[in-house]
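Trainee: Chain residues, written in single-letter form:
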Amino acid sequence: MKNCDELRTELALTFEKLKAGEIKPGEAAELANLAGKMIGSAKVQVEYYALRKEQPRIEWLESPNAGGNAT
Amino acid sequence: MAYANKADYKKWYMANRERLIAKARAAELANPKKAAQKKRAYLERHPDRRKETNSRYMKKPEVLARSRELDARPEQRAKAKALREHYRDTLHDCFVRRCLAQHLKIKGSEIPQPLVDAHRELMRLKRAINEKL
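These protein sequence lines are chains U and H, in that order. Residues in the first sequence are numbered consecutively from 0, following numbering that gives the first Met the number 0. Residues in the second sequence are numbered consecutively from 0, following numbering that gives the first Met the number 0.
Worth double-checking, as some hints may not be accurate.
Stated by the list, open to error - When the alpha-carbon atoms are kept at most 20 Å apart in a straight line, the in silico PhoX-like pairs for lysine-lysine are as follows:
1. K78/H - K32/H
2. K23/U - K131/H
3. K42/U - K125/H
4. K16/U - K125/H
5. K1/U - K23/U
Simulated from the structure, these hints should not be mistaken for lab results. Just so it is clear, the structure is predicted and the values come from calculations on it, not from any experiment.
Using the sequences and the hints, build the whole thing.
Mentor: Shown next as structure tokens:
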């Protein structure tokens with residue numbers, strides 16, 4: 000999972016699999032736990048830059064289709 | 000604007016007050032991120048003033064009248080509650096942003112949209128897991 004969009008897709012896929020009964024709730028919970036950690040870390044990064052009054056581009060939050068220069 | 004004494008400055012300010020307020024508001028609207036940072040820095044410098052401002056606002060006659068009106072119309076209160084529940088059940092942007100910003104020093108509106116979308120999926124998955132367990 001190289002960016003936020005991929006994580007979202009993966010979560011949606013896991014949700015569908017869980018609904019279809021293809022995976023156990025325990026397995027889905029493991030992924031949800033990991034995703035929670037990744038989102039939490041991105042959240043802290045966003046807060047850190049906001050409090051430092053910086054506005055850099057965070058690559059993990061960028062969509063692969065979005066253009067522009069990364070910092 | 001260099002003025003020798005405070006009285007002259009006050010006079011000038013009162014003559015231009017509306018224009019200055021409009022100018023400041025336009026600058027805020029043009030740079031919302033900068034304005035949010037400025038506001039945050041101000042509240043960090045004066046933590047008690049938020050409380051004071053809020054209590055002053057709550058004592059305003061129009062605010063008190065609105066609150067009394069709301070108390071007199073329980074259906075309005077119920078409507079607001081239903082709307083909040085709708086936001087919670089549909090995982091609306093405002094709800095997810097509020098959850099994300101709960102323990103942060105930034106506002107929900109300052110969180111980037113991709114992060115909000117990912118968190119919404121996570122919440123949906125967690126709800127499904129809790130349903131299954």
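Trainee: State for each hint whether it applies.
Mentor: Hints, verified against the model:
For the proposed pair K78/H and K32/H, the alpha carbon gap of about 33 Å is over 20 Å, so the pair is violated. This hinted pair checks out: K23/U and K131/H have alpha carbons roughly 9 Å apart, not beyond 20 Å. About 18 Å separates the Cα atoms of K42/U and K125/H, which keeps this hinted pair within 20 Å; it holds. Distance restraint check for K16/U and K125/H: the Cα-Cα separation of roughly 13 Å lies within the 20 Å cut-off, and the hinted pair is therefore satisfied.
Distance restraint check for K1/U and K23/U: the Cα-Cα separation of roughly 25 Å exceeds the 20 Å cut-off, and the hinted pair is therefore not satisfied.
The structure fails hints 1, 5 (numbered hints given earlier, in ascending order).
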